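Student: Here is what each chain is made of, one letter per residue.
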Amino acid sequence: MERPGRKKKPAPLRKARTFYLFVAPWIIGFIALTVFPLGYAFWLSLTDSDGLSPKTHFVGFDNYLEIFRDPLTMSSLAKTGVFALVTVPLSILAGLLLAVMVNQRIRARGLFRALIYLPAVVPPVGAALTFRLIFDRDAGAANGVLSGLGADPITWLVDPNVRYVLYALVLWGCGGSMIISLAGLQDIPRELLEAAQVDGASYWQSFTRITIPLLSPVILFQVITGVIGSLQSFAPLLLSSGSLSGAGTVPQGNYMYMIHVFAQYFSASRFGYASAMLWLLFAVILLVTLVIIKVSAKTVFYTVEPEGTR
Amino acid sequence: MTTTNAGFSRRRFLALGGVAAGGALAMGCSPASSTKAPAAGGGTGSAAKGTVTVMSQAGEFGPKEAKAASQALGVTVKTVEYDLTKLTAMLASGNPPDVVRGMGATETPYLVARQVAENLDPYFANSTLIKADDIDPVNDVWRYDGEKQGSGPRYGFAKDYSQDCTIWYNGGLYDAAKVTRPSATTPLLLDDLLEEGKRLTKRQGAKVSVYGLNPNGLGLFTQLNWLTDLAGGKLTSDDLASVDFSSPEAQRALSWYLDYAKAGIGPTVLNPDPNGWDGPTFQAGRMATTLSGYWLGGLFAGDAKAAKVAGFAPAPQFDSGRRVSPCFGATGLWIPKASKNKEAAWSVMEWFLAGDPAKARAAGGWGIPPLKSLQKLMPQKLPYQKQAFDVQMAEQEHFSVTSFTPYVRQDAINAVITRELPKAIKGTTSAGQFADALNSQINAQLADGKKRLR
Numbered sequence: 003m004e005r006p007g008r009k010k011k012p013a014p015l016r017k018a019r020t021f022y023l024f025v026a027p028w029i030i031g032f033i034a035l036t037v038f039p040l041g042y043a044f045w046l047s048l049t050d051s052d053g054l055s056p057k058t059h060f061v062g063f064d065n066y067l068e069i070f071r072d073p074l075t076m077s078s079l080a081k082t083g084v085f086a087l088v089t090v091p092l093s094i095l096a097g098l099l100l101a102v103m104v105n106q107r108i109r110a111r112g113l114f115r116a117l118i119y120l121p122a123v124v125p126p127v128g129a130a131l132t133f134r135l136i137f138d139r140d141a142g143a144a145n146g147v148l149s150g151l152g153a154d155p156i157t158w159l160v161d162p163n164v165r166y167v168l169y170a171l172v173l174w175g176c177g178g179s180m181i182i183s184l185a186g187l188q189d190i191p192r193e194l195l196e197a198a199q200v201d202g203a204s205y206w207q208s209f210t211r212i213t214i215p216l217l218s219p220v221i222l223f224q225v226i227t228g229v230i231g232s233l234q235s236f237a238p239l240l241l242s243s244g245s246l247s248g249a250g251t252v253p254q255g256n257y258m259y260m261i262h263v264f265a266q267y268f269s270a271s272r273f274g275y276a277s278a279m280l281w282l283l284f285a286v287i288l289l290v291t292l293v294i295i296k297v298s299a300k301t302v303f304y305t306v307e308p309e310g311t312r
Numbered sequence: 038m039t040t041t042n043a044g045f046s047r048r049r050f051l052a053l054g055g056v057a058a059g060g061a062l063a064m065g066c067s068p069a070s071s072t073k074a075p076a077a078g079g080g081t082g083s084a085a086k087g088t089v090t091v092m093s094q095a096g097e098f099g100p101k102e103a104k105a106a107s108q109a110l111g112v113t114v115k116t117v118e119y120d121l122t123k124l125t126a127m128l129a130s131g132n133p134p135d136v137v138r139g140m141g142a143t144e145t146p147y148l149v150a151r152q153v154a155e156n157l158d159p160y161f162a163n164s165t166l167i168k169a170d171d172i173d174p175v176n177d178v179w180r181y182d183g184e185k186q187g188s189g190p191r192y193g194f195a196k197d198y199s200q201d202c203t204i205w206y207n208g209g210l211y212d213a214a215k216v217t218r219p220s221a222t223t224p225l226l227l228d229d230l231l232e233e234g235k236r237l238t239k240r241q242g243a244k245v246s247v248y249g250l251n252p253n254g255l256g257l258f259t260q261l262n263w264l265t266d267l268a269g270g271k272l273t274s275d276d277l278a279s280v281d282f283s284s285p286e287a288q289r290a291l292s293w294y295l296d297y298a299k300a301g302i303g304p305t306v307l308n309p310d311p312n313g314w315d316g317p318t319f320q321a322g323r324m325a326t327t328l329s330g331y332w333l334g335g336l337f338a339g340d341a342k343a344a345k346v347a348g349f350a351p352a353p354q355f356d357s358g359r360r361v362s363p364c365f366g367a368t369g370l371w372i373p374k375a376s377k378n379k380e381a382a383w384s385v386m387e388w389f390l391a392g393d394p395a396k397a398r399a400a401g402g403w404g405i406p407p408l409k410s411l412q413k414l415m416p417q418k419l420p421y422q423k424q425a426f427d428v429q430m431a432e433q434e435h436f437s438v439t440s441f442t443p444y445v446r447q448d449a450i451n452a453v454i455t456r457e458l459p460k461a462i463k464g465t466t467s468a469g470q471f472a473d474a475l476n477s478q479i480n481a482q483l484a485d486g487k488k489r490l491r
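Respectively, the protein sequence lines represent chains U and Z. Counting with this note's numbering, you get residues 3 to 312 for the letters of the first sequence. Counting with this note's numbering, you get residues 38 to 491 for the letters of the second sequence.
So here's chain U without its partners, still in its complex pose (with noise of 0.2 angstroms):
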């Protein structure tokens, strides 16, 4: 028979209670800062509020109907899948290509690692405000190179040129995927090299049939957080290339989407129809993260079986 009064908190209660203890502040955050704000901005989207007037009205989904009948957005929207096609392979190639370099045991092997991964740790704003003075077109480096060589200087920040620009902004911060990539490289057994060796195979092979299946996992997330970054593109077009005071100031040709939203908050003052382009913006990136996974279940080798799985 159980004597009433007071009991004891059984252990596991106590361990639930202490948990949730701690998640409580990201629980909190997320809340506040992300459901909160994607809720409010769910809301805008049904609206034709410009953020400042009090007539605002409630217009349905007309806004996200607006988005697939502007040319302009569509054309944004286009310009940023090119982009994300071009440059997510390329830093991703890059990245292994080096890893694979500084890989190698050569002399100062930490320098070149370190001197390679550096241009990832200057802030994203501070790079593409020095890349606007390096090709600056009448006091750049870029330019001056070419003078030095006898040839004639090229505006680089307006169309057609500006687009190579963002490429090379884009590349020179490649060290973060190489180190990624490196980090791959090096859980790799040496016996599978050495073996594959043994038996014959030549550097190609061994590359090509053991490092990069091997590898693949860590490709993969390369590919995914490459994508959904290159998509989400913001700060490098606007600074780069354009000027903080408006979008308009940015050429046609680095017009992407993330800079039409900005546009069509603080320039047009449209709230409600950027919201429903960052909303839709939202669903591409589920869409394609999700292709590319489901693409990636072929493709991709574990030599550990997710669990579940068997």
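If you're looking for bench data, these hints aren't it; they were derived computationally from the structure. Small disclaimer: the values here were computed from a predicted structure and weren't measured. Where is the CB? At the ideal position from N, CA and C, for every residue including glycine. One or more hints might be untrue.
[Stated by the list, open to error] Keeping only pairs whose Cα atoms sit at most 25 angstroms apart, straight-line, the calculated SDA-like set for lysine to any residue is:
| hint | chain 1 | residue 1 | chain 2 | residue 2 |
| --- | --- | --- | --- | --- |
| 1 | U | LYS81 | U | ASP64 |
| 2 | Z | LYS396 | Z | ILE172 |
| 3 | Z | LYS377 | U | PRO56 |
| 4 | Z | LYS460 | U | GLY255 |
| 5 | Z | LYS101 | Z | THR88 |
| 6 | U | LYS57 | Z | GLY131 |
| 7 | Z | LYS123 | U | VAL37 |
| 8 | Z | LYS123 | U | GLY41 |
| 9 | Z | LYS235 | U | ASP154 |
| 10 | Z | LYS244 | U | ALA141 |
| 11 | Z | LYS488 | U | ALA43 |
| 12 | Z | LYS342 | U | ALA141 |
| 13 | Z | LYS488 | U | MET76 |
| 14 | U | LYS81 | U | VAL127 |
| 15 | Z | LYS115 | Z | THR125 |
| 16 | Z | LYS185 | Z | THR165 |
[Stated by the list, open to error] Not the full set, but computed from the structure, chain U residues with beta-carbon under 8 angstroms of chain Z:
| hint | residue |
| --- | --- |
| 17 | ASP50 |
| 18 | GLY53 |
| 19 | LYS57 |
| 20 | ASP64 |
| 21 | ALA141 |
| 22 | ASP154 |
| 23 | VAL160 |
| 24 | GLY250 |
| 25 | ALA265 |
[Unchecked claim] Per label pair, the in silico range of CB-to-CB distance:
| hint | chain 1 | residue 1 | chain 2 | residue 2 | range |
| --- | --- | --- | --- | --- | --- |
| 26 | U | SER149 | Z | SER107 | 46 to 56 angstroms |
| 27 | U | LEU135 | Z | ALA162 | 47 to 57 angstroms |
| 28 | U | LEU35 | Z | THR122 | 15 to 25 angstroms |
Starting from the structure of chain U, add chain Z where the hints point.
Tutor: Same frame as chain U, now just chain Z:
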């Protein structure tokens, strides 16, 4: 034996979390969260006190001015660097600064139509520093009656102004190129200005070492508006809800500008000035002529080399004989309706625009004072300052207010022009097609803006 868990279970925690999230979403759906609540300002006649936040540029109203204002007025003055994105966000959240920098000429209708700016007529009526008969007519750009700019209540006041199509020229470059310097009394004809610009331009290979002319002013739309007016037409309709770039007068304006752009004699969207504005380029002796307004002269006072060669001339005109010399800035201050301390905000505004800081600004030569009584303080010590003063005083006769639309920001209109202009400059589209593209896109923007204000 099972133990019933009467404490804080995972299910209950998740349920509470869901309620909190739903509450957050519901708050987002609440109309109150999307509109600014009118501020309960201080009552008329109450002493100004408390804290005033001023959003301006550090070079105009920075920490130094804030400290001086605090000492002079007995209020705590804080400053925030002006940024349109930040201002829009602050206004949207219902927590704006108390005093905000603005360009009266192009922003007043936009702000008033959205009921964002406070009507300052009651404050002006009680002002001891600003008298009605002392107000320069340029301040009419800060007036809007809901249909026409230039009449109705005042919503702001200029700190100083320029007539932005007047000319600064480098006399040394003119002499070197054997081009007659612009007259101080007779306006240049625009076609002559273009031809002279070509003669004044110097190149080193593909690079332009000296720009012959920069007529871009404060923005392409305002300049095209002015050029159309000079040609005898109107770019914007009377109801400010549409534009027409296809009229003969607008086509004349467009053609003149395209001729300038194709000649490669000055900055354009295809060939921007790396300096970003004309001041450094002019001081470096790399710009012969700029339509920049009186204010640019403030730059030369401390630069003996530039002061020696700088000259000021009236705004040019087409050969129609029509002279228009507008102001597209009238940069000044306004008070948001949602300001929480309007009385103190007005005291700061009045002090800055008409008190000691205004006198110091007038003497600095960075713009024409907004009060007629202060205009005698404009600098005339150096020869170029005396010459500019005389030209400017005569130019005032040709000032008139140009109405700008309340439906769309100037930024958005300029973005359309910037986007379509490269094709027209390269010749991919004709001037007519360029005009059609501008009409189509800008009128769509205006219609959308008007619909949102219904």
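Student: Run every hint past the structure and note whether it holds.
Tutor: Against the structure, the hints come out as follows:
1. Between U/LYS81 and U/ASP64 the alpha-carbon distance is near 24 angstroms, which keeps this suggested pair within the 25 angstroms criterion.
2. Note on Z/LYS396 and Z/ILE172: the hinted pairing holds, with a Cα-Cα distance of about 15 angstroms set against a maximum of 25 angstroms.
3. Between the alpha carbons of Z/LYS377 and U/PRO56 the distance comes to roughly 18 angstroms, so the proposed pair stays at or under 25 angstroms and holds.
4. A threshold of 25 angstroms between alpha carbons decides the hint, and for Z/LYS460 with U/GLY255 the separation of about 13 angstroms falls inside it, so the pair holds.
5. For the proposed pair Z/LYS101 and Z/THR88, the alpha carbon gap of about 16 angstroms is at most 25 angstroms, so the pair holds.
6. Our distance criterion of 25 angstroms between C-alpha atoms is met by U/LYS57 and Z/GLY131, whose separation comes to about 14 angstroms.
7. Restraint check: the Cα-Cα separation between Z/LYS123 and U/VAL37 comes to about 22 angstroms, which is no more than 25 angstroms; the hinted pair holds.
8. This hinted pair checks out: Z/LYS123 and U/GLY41 have alpha carbons roughly 21 angstroms apart, not beyond 25 angstroms.
9. Taking the CA atoms of Z/LYS235 and U/ASP154, the gap is near 21 angstroms; set against the 25 angstroms cutoff, the hint holds.
10. Among the hinted pairs, Z/LYS244 with U/ALA141 is consistent with the structure: their alpha-carbon atoms are about 11 angstroms apart, no more than 25 angstroms.
11. Of the supplied pair hints, the one linking Z/LYS488 and U/ALA43 holds, its CA atoms being roughly 21 angstroms apart against a limit of 25 angstroms.
12. At most 25 angstroms may separate the alpha-carbon atoms for a hinted pair to count; Z/LYS342 and U/ALA141 meet this at roughly 22 angstroms.
13. Restraint check for Z/LYS488 and U/MET76: the C-alpha separation of about 23 angstroms stays at or below 25 angstroms, so the hint holds.
14. Proximity of U/LYS81 to U/VAL127 is assessed by CA-CA distance (about 22 angstroms); at most 25 angstroms being required, the pair is judged to hold.
15. About 19 angstroms separates the Cα atoms of Z/LYS115 and Z/THR125, which keeps this hinted pair within 25 angstroms; it holds.
16. In summary, the hint linking Z/LYS185 to Z/THR165 is not supported, as the alpha carbons are separated by about 28 angstroms, beyond the 25 angstroms threshold.
17. Below 8 angstroms, beta-carbon pairs count as interface contacts, and U/ASP50 has one with chain Z at about 5 angstroms; its hint therefore holds.
18. Against a cut-off of 8 angstroms between C-beta atoms, the interface hint on U/GLY53 holds, since the closest Cβ of chain Z lies about 4 angstroms away.
19. With its C-beta approaching chain Z no nearer than about 6 angstroms, U/LYS57 sits inside the 8 angstroms limit, and its interface hint holds.
20. Violation of the interface hint for U/ASP64 is found here, the shortest Cβ-Cβ separation to chain Z being roughly 11 angstroms, above the 8 angstroms cut-off.
21. At about 6 angstroms, the closest approach between the beta carbon of U/ALA141 and any beta carbon in chain Z falls short of 8 angstroms, and the interface hint on this residue holds.
22. Checking U/ASP154 against chain Z: minimum C-beta separation of about 4 angstroms stays under 8 angstroms; hint holds.
23. Given hint, U/VAL160 at the interface with chain Z, holds; its Cβ is 6 angstroms from that chain's nearest Cβ, closer than 8 angstroms.
24. Because the smallest distance between the Cβ of U/GLY250 and any Cβ of chain Z comes to about 3 angstroms, under 8 angstroms, the interface hint for this residue holds.
25. For U/ALA265, the shortest C-beta to C-beta distance to chain Z is roughly 6 angstroms, which falls under 8 angstroms, so the interface hint holds.
26. For U/SER149 paired with Z/SER107, a C-beta distance near 52 angstroms keeps the hint of 46 to 56 angstroms intact.
27. A hinted range of 47 to 57 angstroms holds for the C-beta pair U/LEU135 and Z/ALA162, which are about 52 angstroms apart.
28. The given range of 15 to 25 angstroms is respected by U/LEU35 and Z/THR122, whose C-beta atoms sit roughly 19 angstroms from each other.
Violated hints for the displayed structure, listed by number in ascending order: 16, 20.
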